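S.K.: Here are the chains, one letter per residue:
Number of protein chains: 2
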Amino acid sequence: MSGEVMVSTESILQAATPAAWVDAAVEGWRELLVDHANCEKKAASTALALIFAYPEDTQLGLALSRLAREELRHFEQVQGAMTELGVPFTRQKPGRYAAGLRSAMRTSEPGRKLDLLLTGALIEARSCERFRLLAGRLQAPLGRFYARLAESEARHFELYVELARVRAAHEWEARLRVLAEREAQLATAVDGELRFHSGPPPG
Amino acid sequence: MSGEVMVSTESILQAATPAAWVDAAVEGWRELLVDHANCEKKAASTALALIFAYPEDTQLGLALSRLAREELRHFEQVQGAMTELGVPFTRQKPGRYAAGLRSAMRTSEPGRKLDLLLTGALIEARSCERFRLLAGRLQAPLGRFYARLAESEARHFELYVELARVRAAHEWEARLRVLAEREAQLATAVDGELRFHSGPPPG
Chain A
1 MSGEVMVSTE SILQAATPAA WVDAAVEGWR ELLVDHANCE KKAASTALAL IFAYPEDTQL
61 GLALSRLARE ELRHFEQVQG AMTELGVPFT RQKPGRYAAG LRSAMRTSEP GRKLDLLLTG
121 ALIEARSCER FRLLAGRLQA PLGRFYARLA ESEARHFELY VELARVRAAH EWEARLRVLA
181 EREAQLATAV DGELRFHSGP PPG
Chain B
1 MSGEVMVSTE SILQAATPAA WVDAAVEGWR ELLVDHANCE KKAASTALAL IFAYPEDTQL
61 GLALSRLARE ELRHFEQVQG AMTELGVPFT RQKPGRYAAG LRSAMRTSEP GRKLDLLLTG
121 ALIEARSCER FRLLAGRLQA PLGRFYARLA ESEARHFELY VELARVRAAH EWEARLRVLA
181 EREAQLATAV DGELRFHSGP PPG
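Protein chains in written order, with my numbering: chain A, 1 to 203; chain B, 1 to 203.
Bear in mind the hints are in silico, worked out from the structure with no lab data behind them.
In this text, all values refer to a predicted model and were calculated from it rather than measured experimentally.
Hints may be right or wrong, so weigh each one.
[As the list claims (entries may be wrong)] Some, not all, of what chain A presents toward chain B, calculated at C-beta under 7 Å: (1) Ser45; (2) Thr46; (3) Glu56; (4) Gln59; (5) Ala63; (6) Leu85; (7) Gln92.
[Unchecked claim] Residues from chain A that keep clear of chain B, each with C-beta distances beyond 10 Å, as calculated: (8) Thr58; (9) Gln79; (10) Gly111; (11) Ala147; (12) Glu151; (13) Val178; (14) Thr188; (15) Leu194.
Idealized CB from N, CA, C, for every residue including glycine.
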């Protein structure tokens, strides 16, 4: 990808993560780690779904295959961290974030493809923001691990934005603002579940 | 994984690939390369589906995440070969192989998990056999590429067999024979489509 993207992760997120989420996440780091493993799998699976949906777009296929490999490596690292820190796997109720974003996306082409790419960019941007926030609050080894992941997520964010920009030069910015508004609501409104992309806890 | 598996790819396949398939594949190498790219994506996606289905089996998750990464790297290499050899992407009708295998698999647990692992082993074993056959018949760079892939597929086959053996020590061999019988039919009966896992052409 070219280095032409000038948008930063912060500039596309329409609201910062509330301090109450960060406090809850630091307190509930074990629960969060289990959800984090799941998020890395889902990130790989989302990239793979895009590769399957647009097989004639070979540049997209190549870029997202590399991204999926990196997400899978992160998944393996999170599993390693769980073992190291004695955090067992538990089944968790899904959060509202992915379904909430999906409900804002267009379902027919060519809008669907653009929305999938922009939603990918938003999820990576939010992940990057939250890894940075947590990196400063959590002890090693988790703090260091999250700082490294923040850098990867920033690159993934740039990749998704670049894929969107090249494929919809005139529409991507306006559409990104629409989807970012929904994303900001989901990340900041009070939420009953603690998840990596949830809102702050009640009370 | 331990090195205890003594089964070779050849010993579990109940029928060798017919010479007529090899001749057709050498002749139709371009069509086959497009299907091959698709097979690598599907192999990654199948591994990922297993990781999602059995999240509490962390050893399986770790091993199949690594396998999925390798399949994705192969997908990128096949796309690179297509570009190098001037083979454009074309949409292809799906072959009968995957659906045919699926129809022989059990759909309720714990049989489903064992059948998914054994089917994975059979697909990798057949891929390995066919890459070896084609490596000796195709010119460089494709011949060399397929020879390297045959080695990877042999390792993947061993991994799937080992995962199955450890999880179902008393049942896996008998069940493998049942599934291998179906696989051998699909790989050897006359087939209207030329695919990486198809049967030989009519006539």
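S.K.: Now, for every hint given, state plainly whether the structure supports it.
M.R.: Now for the hints, and whether the structure bears them out:
1. Ser45: Status holds, d = 6 Å.
2. Thr46: It is violated, given that the least Cβ distance between Thr46 (chain A) and chain B is near 11 Å, above 7 Å.
3. Glu56: holds, 5 Å
4. Gln59: This hint is violated: Gln59 (chain A) lies away from chain B, its Cβ roughly 10 Å from the closest one there, beyond 7 Å.
5. Ala63: violated, 10 Å
6. Leu85: violated, 13 Å
7. Gln92: Where the cut-off is 7 Å and the nearest Cβ of chain B is about 10 Å from Gln92 (chain A), the hint is violated.
8. Thr58: violated, 6 Å
9. Gln79: violated, 6 Å
10. Gly111: With a cut-off of 10 Å, Gly111 (chain A) remains clear of chain B, as the shortest Cβ separation is near 21 Å.
11. Ala147: holds, 22 Å
12. Glu151: holds, 20 Å
13. Val178: Check passes; 30 Å lies beyond 10 Å.
14. Thr188: holds, 29 Å
15. Leu194: holds, 18 Å
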